[in-house]
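Each protein sequence line maps, in turn, to chains V and C.
Under the numbering used here, the first residue of the first sequence is numbered 1, with each subsequent residue one higher.
Under the numbering used here, the first residue of the second sequence is numbered 1, with each subsequent residue one higher.
Don't read these hints as lab results, they were simulated from the structure.
Incorrect hints may have been included.
[Claimed, not checked] Below, in silico cross-link-like pairs of lysine to any residue (SDA-like), each with a Cα-Cα straight-line distance of 20 Å or less: (1) C/86 with C/107; (2) C/98 with V/35; (3) C/368 with V/154.
[Unchecked claim] One-sided and incomplete, this derived list gives chain V residues near chain C with beta-carbon spacing under 8 Å: (4) 51; (5) 52; (6) 103; (7) 159; (8) 246; (9) 248; (10) 293; (11) 297; (12) 315.
Just so it is clear, CB atoms sit at the ideal spot from N, CA and C, and this is done for glycine as well.
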Amino acid sequence: MTDATSTDRLRPAVARGSRFATAKGAITIVVSTVVLFIVSAIVAPSSVSGGVIASMLPFAAVLAIAGLGQMLVVQQGGIDLSVPGAMSLAIVVVSHYPNGDDSRVLTAVLIAVAYAVAAGALNGLLVGWLGLNSIIATLGTNALLFGAVLGISNGIPRSTTRLLSDVAAGRTLGIPHAALFALAALLVVAVLTKKTVAGRRFTAIGANRLAARAVGLRVRSHHTLAFIWAQLLYCLAGILLAGITAQPTAFQGNAYLLPSVAVVVLGGTSLLGGRGFPVSTVIAALFLTQLDQFVLALGVPFAVQTLVQAAALAGGVALYTVNWAALRARFGSRPASGPAATPSSA
Amino acid sequence: MKRHTLRAVALATGLAAVLAGCGSGGGGSTAAQPSQSASPLEGAPSWCGSKQITLGLLDGFGGNSWRLVTTASGEDEAKKCPSVTKYLYADGQGDTQKAISDIQGMVAQGVNAMVVFPDAGKAILPALRSAYKAGVVTVPYRSDPGGEDGVDYNAYVGSDPTADATNWATWIKANFPDGGNILFLSGPPGNTQGTTERAELDKQLPADKYPILGESPFEVTNWDPAKTQQVLTAAIAKYPQIDVIVSDFGPSLVGALPEFAKSGRSIPAVAASDGNVLSCFYEDNKAANPDFKLMTVTTGNDNVRLAIQYAVATATGGVPPTNLTFEAPVFEDSVSGKPNPVKCDKNLPADVYLSAQLPGDAQAALLK
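Model the full assembly from the supplied sequences, consistent with the hints where possible.
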């Protein structure tokens, strides 16, 4: 009985929930981020000092770029689990191949880009053309990419060259270069997906594959391209991360898998596909990274830091995925003792 | 009557056979004892006896530069003894199951002695014990697997976990006699290395003169350079004065220390473990950072040498080293220059440990 009624209630909730998200996504994440900065300033003022902001921005930029890549895949209704392998591979290529020699950095970047295109094409082939589930396919690609990481590096970290450090971790007029790269990536992704015909088609295909095919859009090509673009963005994120950390490990990308999905969801893009929100995704990356700095500055034990982060993430995701109207209706329609009443008494 | 006699004889024979089996198969008390018949070999180190043996070196996880250097150091040490006629190596690749079957495989291949890095800790202990009971000289090193010397294995050859902290504390007291604020960084939450070091720091440094800032027992960095950078950034903003940074993984500081310069502050004194990358960072930045002093303790690649010496001595009949605790001495001190000034070799890769006996070029060749 109870099961049947709850599924009945859930059905319209999902549809309504997703419409709610598309309308309010940007506003929600902007408000959350502003609130976070205000709370940071009051509770842990050191976390919003100039130095911290300037040091936090490069990491936010890396996450933002990886998140934009993930967003493109999510827009096509997939999830890309090859983020760690892709970023780690870019990192080892740009740190191992030049081996301290600045003049070889450019070649290394081109090699990394070639790997990225190949990995994206492989994902595209598996998901777009062969119809594999994206979680399975990209998990396999991730393993392959880590194979390449180990093949190149034997798991051994190597320092990045000075040139790459200067480019990725440097600042111009006080603005971290990585943040400029993130803005450029945002501009490209936003303009391509929002202002071009191809971008509109891309969104339409993500929203409804069957309808898109019926009107004659090239569904498989767009799917494949989503993965290639995503890989290029992960590659850029990896190269920047290599420069920012100066002495990256060979598995540095591991820390970016879940956050890259989290920023997409926090930015309001539905995991079911369709419209993407590049600006909101980038702001969500800023939100998550500042949250990290905030809990560090709080000076609470590590366990509490983790709990605060988890609570903020759960809260953010709940804003989109919980059907608040249905909840209100459910508890509001009961008598005064409503919430306390047990199912058996109902 | 006759039948009784026969039975008695059969019983006695059986008992004798069982007893003999126990003796040769290696019952608890006789397992892997030093061989009495052999004697030190002429022209070789005293720990090298004359009995010919096969030696195995087993790693729980061999995939980083520190391990590569350590493994090569172990092989280098074993080569010094001609009685080691065959040398085997196995890498558990971070997989406990594989590490266990590697140990069993070595026993099956008939090694006489094995030196094991028990990364998985107590999970490896039963495998070590069964190798020891099978009569193989078994020597875990560096990471304590639990268990007891002479019961579960021949002897554990580790370093004194408090030695590094003692060296750091001594240096801090000498260079900051009036006290100072300390920031202590270690790896993943709750790791025993960091916890032990913190307990020793607390013991040696009076809390009123040398307050340890931040989270207790240590600021969690996961030994990850990116995380270290974020942690240090937060600390720089939060604490107007940090006099000494103590880190049990020096090289991971390199990406993070420039945060001081970005905040308009001098890099403070650093007490850490050594690495070419950190030493070269010091050389490049000391001029611009008046408060930057550097002291390092050796990262302990040579712990394996002591373990090999003990294992080979026990199996070949040489003279085993008397002290089975690896002393990790101070390596560099930019203030006193003793025992070494800061040693940076820009011609070598960043991941070389100049504190190891294995020469820098040989390490560089490994890392290629």
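Hint check results:
1. C/86 with C/107: Holds - the C-alpha atoms of residue 107 of chain C and residue 86 of chain C are around 14 Å apart, at most 20 Å.
2. C/98 with V/35: Since the Cα atoms of residue 98 of chain C and residue 35 of chain V sit roughly 50 Å apart, the hinted pair is violated (cutoff 20 Å).
3. C/368 with V/154: holds, 10 Å
4. 51: holds, 4 Å
5. 52: Given a least distance of 4 Å, the restraint on residue 52 of chain V holds.
6. 103: Result: violated, 17 Å to nearest chain C Cβ.
7. 159: holds, 4 Å
8. 246: This hint holds: residue 246 of chain V lies near chain C, its Cβ roughly 4 Å from the closest one there, short of 8 Å.
9. 248: holds, 6 Å
10. 293: holds, 6 Å
11. 297: OK, holds: residue 297 of chain V within 8 Å of chain C, min 5 Å.
12. 315: violated, 22 Å
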